[in-house]
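In the numbering used here, the protein residues as written are 1 to 141.
Take the hints with a grain of salt, since some may be wrong.
As the list claims (entries may be wrong) - Below are the EDC-like pairs computed for lysine to aspartate or glutamate, each with C-alpha atoms no more than 20 Å apart in a straight line: (1) K84 <-> E121; (2) K41 <-> E75; (3) K84 <-> D44.
Just so you know, the hints here were simulated from the structure itself, not pulled from any lab data.
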Amino acid sequence: MARDFQPSAEWRARMDRDCGCALPAQALEAIALFNAGEYYKQHDILEALWMATESPVRELYRAILQIGIAYYHTEAGNWRGALKMLDRGLRWADLAPTRCQGVDVEALRQNARRLRRAIIEAGPGHLDRVDRALLTPVPML
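Make the full structure from the sequences, and use the hints.
Right, here's the structure in full:
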């Protein structure tokens, strides 16, 4: 898991280099679905891209897909699932620079952390109390 992963200097250099590239078409398609509230559909596309990508930037794709699934669980009222996926997504997002392939990763992390706090405050069985405005789009630069 990301919490146990200690990236090497080479891994970091490759991540930084690849973050300067444009988002692939699949990622753009998935982010459009995410931003339209199609959280489950975005997962399938980003998961395929994540699995096919060898670069460390794949962890950005994994972070977005897991945060999207956390949104899905939030809407479905699955408190434990929402927190679990937010935690996983944040661990992977924390490995990326603040900006990567046109994604404002720092804003993505901040948004996910705000949602996480709201979910914890709402408590199990009360996700209906979470402001849906916290289900924010993937922030792009």
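Checked hints:
Only pairs whose Cα atoms come within 20 Å are accepted, and K84 paired with E121 is accepted, the gap being roughly 15 Å. For a cut-off of 20 Å, the pair hint linking K41 to E75 stands: about 14 Å separates their Cα positions. Proximity of K84 to D44 is assessed by CA-CA distance (about 18 Å); at most 20 Å being required, the pair is judged to hold.
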